[in-house]
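So the sequence lines, in the order shown, correspond to chains D and E. For the record, in the first sequence the residue sitting at position 84 is 84 according to full-length UniProt numbering, with numbers rising by one throughout. For the record, in the second sequence the residue sitting at position 179 is 179 according to full-length UniProt numbering, with numbers rising by one throughout.
Just to be clear, a hint being listed does not mean it is correct.
[Unchecked claim] Cβ-to-Cβ under 10 angstroms is the rule here; a few derived chain D residues that face chain E:
1) Tyr19
2) Ile172
3) Leu175
4) Glu192
5) Pro278
6) Asp281
7) Arg284
8) Asp285
Think of the hints as simulated: they come from the structure by calculation, not from any bench. All residues carry an ideal CB built from backbone N, CA and C; glycine is no exception.
Read off the chains here:
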Amino acid sequence: MNEDEIRLVAGVRPDAPPYDPEAKAAARRGLVAAAATRAPSRPLWRRPPAMLLAGALAVAVAATVPALVTGAGPGPGPGREPSGKVVVALPKLAPVSATEVLGRAARAVKAELAPRDDQFVKVESETMYGAFSGNSVNTETGETLPETRYLYRTRRVIWQSADGSREGSLRIEYLEPKAYPGWPIPEGADDEAGKVEMLRLPVCEPLPARLRTDHAALKRLPADAGGMRAHLYDSARDGGSKGEEDEAAWTRVGDLLRENYMPAAQRAALFEAAATIPGVDAVRDAEDAAGRRGIGVGRVGPDGVREDLVFDPQTYELLGERGIVVDGKRAQSPEGSLVASTAQLSVTVADEAPAVPDDDASGCG
Amino acid sequence: MVTLAFPDRAATPAAPPTAPSAPPSAPVATLASDAALIEESLADPDRFAGLFDRHADEIHRYAARRLDDVTAADDVTAETFLVAFRKRTRYDPARSDARPWLYGIASKLISGHRRAETRRLKALARQAPERATGFEERSAERVTADGLRPALAAALAGLSSAERDLLLLVAWAELTYEEAAEALGIPIGTVRSRLSRTRTKIRRSLESHA
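For reference, chain D alone in the conformation it holds in the complex (with noise of 0.2 angstroms):
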């Protein structure tokens, strides 16, 4: 019987985090209390409020994941050229810190959304990052796969439900790709460019709150910069990470605000939340996937990457993110090198998610 599609499934298992010993002790816990009283007690498994990490973990290992979300900004519009020639510059201190960046984008806030719960949140973002394949041993013919690298370029379009009480859509297009630098561009690398693929989001048990990332939920967030940033640190708190918690906060920033649409206040908030976290500043002629020039202001990763939101010059409107090499040895890509740039190109709101084709229903058990 031929497996390959099994095997290649099997191929992109993602890693499990560990049980955190907490939990783990808390679920015997209330396992051994159930069989005690021979009755299920649910509430004393169920742990303390305490942010997942694993999405933060699976976002920081995306590294520079697309589109981040400001006001409707208009935005080049979806007829503009995308990306043209990209002029990389090794990162420079902007003569301005990271708290003013940020306290001004906080004060760019533009037209509002105020979508309805019924409505959903439609963004249009455009992408480019890492696909890494190869560096390995064919066990079949023992022939070495060398290692190849190049930069993946899509058009993202996500409708999602306001409220999460109504199933998205997401729409992938992908588009040319090109060299990662200090690599060739391998054959094959465009294979893709020009397919499009559409998803379905389909409506699930709501999270608990504040794991929740919909439109919703984001209204109820902190409009406060302390709160915002103890909810940030919630995120980095748990999960058995001591020592990255500032860069799980950070993550977590991003996870706040990509594809989505946050809402001026609590958009303020955290703004101003992001400046304090140690180890984020300022940079200047940083440029989004659509060519826009900003400020950059991020972080520097552990794969030597640093990963910026980008912000308007002027306006200090969010445009997008990107992601530059400035540990050439860790990246294994020149200093100064951009290996991720995302563009936020609008946020819409729509009363309707186009439908996508599925032959099963995928409820929610």
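Let chain D serve as the given structure and place chain E on it in line with the hints.
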């Protein structure tokens, strides 16, 4: 012989967690089968915690792989054993290994966390760049598959929940077809035909990206 008692009620500490696919670390000869343990737990409910000690790590790993949310994985794991405890009276004592049963319960609970799973698939579709450390350590198969991640994630997202449950029990939890049939409560013939259909769907989805 009591080797799996609660730490607070006996001098013997709980058995250490078992490795993913390794046998329990205690000598096999001294361990009751899962079925025997479950049977004992009918009279002595405390014994059921022994099942948790044996399999909680494995079930948690599976939940964490499918759900992009470690808290959800914690909840699924805890709930799996509570559900199992409540259902233990109906456990078929002929099945000495309880893992398929537990995986079956966990699969149903995971489908209640579909949003976290959707996020996982979206994250895969975004194609995670390598972590700085992991690159050389990865298996050949996995590295090769990495280039296919976005397309595979799309293919996985396009499956029905029944197809995805079965496929991932085989591909990620490494259950045999027989164990998967037991986990999902379907005949082995259905496992084969459903897997065959699922593979075709994946192949077509990948080809549409090629």
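Proposed interface contact between D:Arg284 and chain E, which counts if any beta carbon pair is under 10 angstroms | violated (25 angstroms)
Would you check whether D:Asp281 satisfies its interface hint, that is, whether its CB is within less than 10 angstroms of any CB in chain E?
-> violated (21 angstroms)
Minimum beta-carbon distance criterion (10 angstroms), D:Leu175 to chain E | violated (13 angstroms)
If you take the shortest Cβ to Cβ gap from D:Pro278 to chain E, is it below 10 angstroms?
-> violated (20 angstroms)
Is the shortest C-beta separation between D:Glu192 and chain E less than 10 angstroms?
-> holds (5 angstroms)
Taking the least C-beta to C-beta distance, is D:Asp285 closer than 10 angstroms to chain E?
-> D:Asp285 check fails; min Cβ-Cβ to chain E is 23 angstroms, beyond 10 angstroms.
Measuring from the C-beta of D:Tyr19 to each C-beta in chain E, is the shortest one below 10 angstroms?
-> It holds, given that the least Cβ distance between D:Tyr19 and chain E is near 4 angstroms, below 10 angstroms.
Using Cβ atoms only, decide whether D:Ile172 comes closer than 10 angstroms to chain E, and label the hint accordingly.
-> Hint holds; D:Ile172 Cβ to chain E Cβ min 7 angstroms, cut 10 angstroms.
Consistency note: the structure conflicts with the earlier hints numbered 3, 5, 6, 7, 8.
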